[in-house]
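Visitor: Construct the complete structure from the given sequences, taking the supplied hints into account.
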Amino acid sequence: MSLILSKYAKGTEPLSYPSTAGEAVAIRFSHQLASAPAAGDILELGCIPSNCRVADIVLDIDDLDTNGAPTVAVDVGIMSGDFGKEDNARTCGAEFFSGSNLAQAGGVARPTLKSAYRTTASNVDRGIGVKFTTAAATFQAGAIGLTVTLTSE
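Under numbering that gives the first Met the number 0, the residue at position 66 of the sequence shown is numbered 65, and the numbers go up by one with no gaps.
Simulated from the structure, these hints should not be mistaken for lab results.
Only a predicted model underlies this, so the values are computations on that prediction, with no experimental measurement involved.
Ideal Cβ positions, reconstructed from N, Cα and C, are used throughout, including at glycine.
Restraint ranges, calculated between C-beta atoms of paired labels, are given here:
hint, residue 1, residue 2, range
1, A35, V57, 18 to 26 angstroms
2, T132, E22, 28 to 36 angstroms
3, D124, G67, 38 to 46 angstroms
4, A68, P13, 40 to 48 angstroms
5, Y116, T65, 30 to 38 angstroms
The calculated lysine to aspartate or glutamate pairs, modelled on DMTMM-like cross-linking and capped at a C-alpha distance of 20 angstroms, are:
hint, residue 1, residue 2
6, K84, D124
7, K84, E12
8, K9, D81
9, K6, D59
10, K6, D40
11, K6, D86
12, K9, D86
13, K6, D61
14, K113, D55
15, K84, D40
16, K6, E85
Guide: Written out as C-alpha coordinates, the structure is:
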(Lines of atoms letter the chains of each structure in order from A; the text may use other names.)
(Lines give C-alpha, C1' and ligand atoms only; values in the text may rest on other atoms or scores of the structure.)
Protein backbone atom coordinates (compact mmCIF):
# COMPACT_ATOMS: atom_id res chain seq x y z
CA MET A 0 0.00 0.00 0.00
CA SER A 1 1.23 3.45 -0.78
CA LEU A 2 -0.16 6.84 0.10
CA ILE A 3 -0.71 9.38 -2.68
CA LEU A 4 -0.97 12.99 -1.50
CA SER A 5 -3.05 15.47 -3.50
CA LYS A 6 -2.02 19.12 -3.82
CA TYR A 7 -4.38 19.87 -0.92
CA ALA A 8 -2.73 17.29 1.36
CA LYS A 9 0.70 18.61 0.35
CA GLY A 10 -0.39 22.11 1.34
CA THR A 11 0.23 23.64 -2.09
CA GLU A 12 -3.43 24.52 -2.67
CA PRO A 13 -5.38 26.72 -0.20
CA LEU A 14 -8.41 25.33 1.62
CA SER A 15 -11.68 27.16 2.26
CA TYR A 16 -13.65 26.62 5.42
CA PRO A 17 -16.76 28.02 7.11
CA SER A 18 -15.97 31.14 9.16
CA THR A 19 -19.06 31.24 11.38
CA ALA A 20 -21.14 28.63 13.18
CA GLY A 21 -23.81 27.07 11.00
CA GLU A 22 -22.34 28.41 7.76
CA ALA A 23 -21.98 25.99 4.83
CA VAL A 24 -19.12 26.06 2.32
CA ALA A 25 -18.70 23.86 -0.76
CA ILE A 26 -15.14 22.91 -1.71
CA ARG A 27 -14.08 21.06 -4.87
CA PHE A 28 -11.08 18.75 -4.54
CA SER A 29 -9.59 17.11 -7.63
CA HIS A 30 -6.59 15.00 -8.54
CA GLN A 31 -5.26 13.79 -11.88
CA LEU A 32 -4.09 10.16 -11.83
CA ALA A 33 -1.31 9.65 -14.37
CA SER A 34 -0.22 6.17 -13.27
CA ALA A 35 -2.14 3.13 -12.12
CA PRO A 36 -2.78 2.85 -8.38
CA ALA A 37 -2.37 -0.64 -6.95
CA ALA A 38 -5.01 -2.38 -4.86
CA GLY A 39 -4.76 -0.94 -1.35
CA ASP A 40 -3.29 2.41 -2.42
CA ILE A 41 -4.90 5.48 -0.84
CA LEU A 42 -5.22 8.95 -2.35
CA GLU A 43 -5.58 11.63 0.32
CA LEU A 44 -7.77 13.89 -1.78
CA GLY A 45 -9.40 16.40 0.55
CA CYS A 46 -9.73 17.80 4.05
CA ILE A 47 -12.43 18.21 6.66
CA PRO A 48 -11.18 21.23 8.64
CA SER A 49 -11.33 21.18 12.43
CA ASN A 50 -14.74 21.95 13.95
CA CYS A 51 -16.48 21.07 10.67
CA ARG A 52 -18.56 18.15 9.50
CA VAL A 53 -19.58 16.94 6.04
CA ALA A 54 -23.16 17.90 5.13
CA ASP A 55 -23.02 16.57 1.56
CA ILE A 56 -20.47 15.06 -0.80
CA VAL A 57 -20.44 14.35 -4.54
CA LEU A 58 -17.94 12.00 -6.20
CA ASP A 59 -17.01 12.40 -9.86
CA ILE A 60 -14.53 10.09 -11.57
CA ASP A 61 -13.35 9.64 -15.13
CA ASP A 62 -13.33 6.16 -16.69
CA LEU A 63 -10.14 4.75 -15.12
CA ASP A 64 -10.52 1.16 -16.39
CA THR A 65 -10.98 0.62 -20.14
CA ASN A 66 -10.99 -3.17 -20.00
CA GLY A 67 -14.04 -4.97 -21.43
CA ALA A 68 -14.49 -6.45 -17.95
CA PRO A 69 -13.42 -3.53 -15.70
CA THR A 70 -12.45 -4.28 -12.11
CA VAL A 71 -11.51 -0.98 -10.42
CA ALA A 72 -13.38 -0.22 -7.19
CA VAL A 73 -12.92 2.43 -4.50
CA ASP A 74 -13.92 3.32 -0.96
CA VAL A 75 -14.16 6.98 0.07
CA GLY A 76 -13.93 7.89 3.73
CA ILE A 77 -12.21 9.63 6.60
CA MET A 78 -8.52 8.83 6.99
CA SER A 79 -6.64 8.00 10.18
CA GLY A 80 -3.67 10.05 11.34
CA ASP A 81 -2.71 13.65 10.71
CA PHE A 82 -3.94 15.37 7.55
CA GLY A 83 -1.15 15.65 4.98
CA LYS A 84 1.28 13.37 6.85
CA GLU A 85 3.20 10.97 4.63
CA ASP A 86 2.73 7.72 6.55
CA ASN A 87 1.90 4.47 4.74
CA ALA A 88 0.39 3.10 7.98
CA ARG A 89 -2.58 5.48 7.64
CA THR A 90 -5.94 3.92 6.82
CA CYS A 91 -9.06 5.03 4.97
CA GLY A 92 -12.63 4.43 6.03
CA ALA A 93 -15.68 3.96 3.82
CA GLU A 94 -18.13 6.40 5.43
CA PHE A 95 -19.03 8.06 2.12
CA PHE A 96 -18.69 5.29 -0.51
CA SER A 97 -17.98 1.58 -0.06
CA GLY A 98 -16.89 -0.62 -2.97
CA SER A 99 -17.96 1.96 -5.57
CA ASN A 100 -17.52 0.84 -9.19
CA LEU A 101 -18.07 4.38 -10.54
CA ALA A 102 -14.53 4.50 -12.00
CA GLN A 103 -15.29 1.51 -14.25
CA ALA A 104 -17.13 3.74 -16.72
CA GLY A 105 -16.85 7.19 -15.16
CA GLY A 106 -19.68 9.24 -13.72
CA VAL A 107 -21.05 11.21 -10.81
CA ALA A 108 -22.62 9.90 -7.58
CA ARG A 109 -23.95 10.97 -4.22
CA PRO A 110 -23.63 8.63 -1.24
CA THR A 111 -26.31 6.10 -0.44
CA LEU A 112 -24.73 5.22 2.93
CA LYS A 113 -26.36 6.87 5.93
CA SER A 114 -22.91 7.19 7.54
CA ALA A 115 -22.08 9.83 4.90
CA TYR A 116 -24.64 12.17 6.42
CA ARG A 117 -23.84 11.45 10.05
CA THR A 118 -20.25 12.61 10.34
CA THR A 119 -19.38 14.69 13.38
CA ALA A 120 -16.99 17.58 13.89
CA SER A 121 -13.53 17.02 15.35
CA ASN A 122 -10.99 19.36 16.94
CA VAL A 123 -8.37 18.44 14.29
CA ASP A 124 -8.19 18.57 10.49
CA ARG A 125 -9.03 15.18 8.98
CA GLY A 126 -8.22 13.81 5.56
CA ILE A 127 -10.73 12.44 3.08
CA GLY A 128 -9.26 9.46 1.27
CA VAL A 129 -10.01 7.41 -1.82
CA LYS A 130 -8.86 3.82 -1.32
CA PHE A 131 -8.44 1.61 -4.37
CA THR A 132 -9.89 -1.64 -3.05
CA THR A 133 -9.47 -3.32 -6.46
CA ALA A 134 -6.97 -2.20 -9.10
CA ALA A 135 -7.96 -1.41 -12.68
CA ALA A 136 -7.71 -4.29 -15.16
CA THR A 137 -6.58 -1.82 -17.87
CA PHE A 138 -5.74 1.55 -16.31
CA GLN A 139 -6.46 4.76 -18.15
CA ALA A 140 -5.29 8.12 -16.78
CA GLY A 141 -8.04 10.40 -15.53
CA ALA A 142 -9.33 12.67 -12.80
CA ILE A 143 -11.03 12.03 -9.48
CA GLY A 144 -13.06 14.82 -7.91
CA LEU A 145 -14.98 15.40 -4.71
CA THR A 146 -17.28 18.33 -4.07
CA VAL A 147 -17.68 18.53 -0.30
CA THR A 148 -20.19 20.73 1.49
CA LEU A 149 -18.95 21.48 5.00
CA THR A 150 -20.75 23.08 7.92
CA SER A 151 -19.17 24.45 11.07
CA GLU A 152 -20.33 23.56 14.55
